[in-house]
Amino acid sequence: MFNRIAMATGLGHSETLTVTTRVSKQPQQIPVVVPEVDGVKYLVSTRGESEWVRNIRADPRVTLGKSSYLAAEVPVDRRAPIIAAYRPLAGKVVAGYFRDLPDDADHPVFALTPAR
1 MFNRIAMATG LGHSETLTVT TRVSKQPQQI PVVVPEVDGV KYLVSTRGES
51 EWVRNIRADP RVTLGKSSYL AAEVPVDRRA PIIAAYRPLA GKVVAGYFRD
101 LPDDADHPVF ALTPAR
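Counting in the UniProt record's numbering, the sequence shown runs from 1 upward without gaps.
Treat the hints with care, as some may be off.
As the list claims (entries may be wrong) - Straight-line alpha carbon distances no greater than 25 Å define the calculated PhoX-like cross-link-like pairs of lysine-lysine that follow:
1. 66 / 25
2. 41 / 92
3. 41 / 66
Hints were generated in silico from the structure; no laboratory data involved.
Just so it is clear, the structure is predicted and the values come from calculations on it, not from any experiment.
Just need the whole structure built from these sequences, with the hints factored in.
In structure tokens:
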């Protein structure tokens, strides 16, 4: 329910991420907050190994709004500045997830490169 409200209203500066599901090959839409660090857009999974993370690993072609991208997972040792940029953008809504999963390794991060 929260995801639908966030996508419809742009709540919390969210954008709509669309990925292809692994099994059904159907589109899955998720509201995401997209930090930009040094000119690169990133996706951060606050909930750890979520379904959309698994879907991106299976098919890295994603859309964000109306733009197409290729997603590449960021190594754990390079995630800290991206997560630091993400947290104030996402606000209090995500604080509990980071309290429950405090290690950067618990939060997959993907760099987005515009698709050609």
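Structure-based check of each hint:
Annotation: proposed proximity of residue 66 to residue 25 holds, straight-line Cα distance about 19 Å (limit 25 Å). Note on residue 41 and residue 92: the hinted pairing holds, with a Cα-Cα distance of about 21 Å set against a maximum of 25 Å. For the given pair, residue 41 sits about 15 Å from residue 66 by alpha-carbon distance, which is consistent with the 25 Å threshold.
The structure fails none of the hints (numbered hints given earlier).
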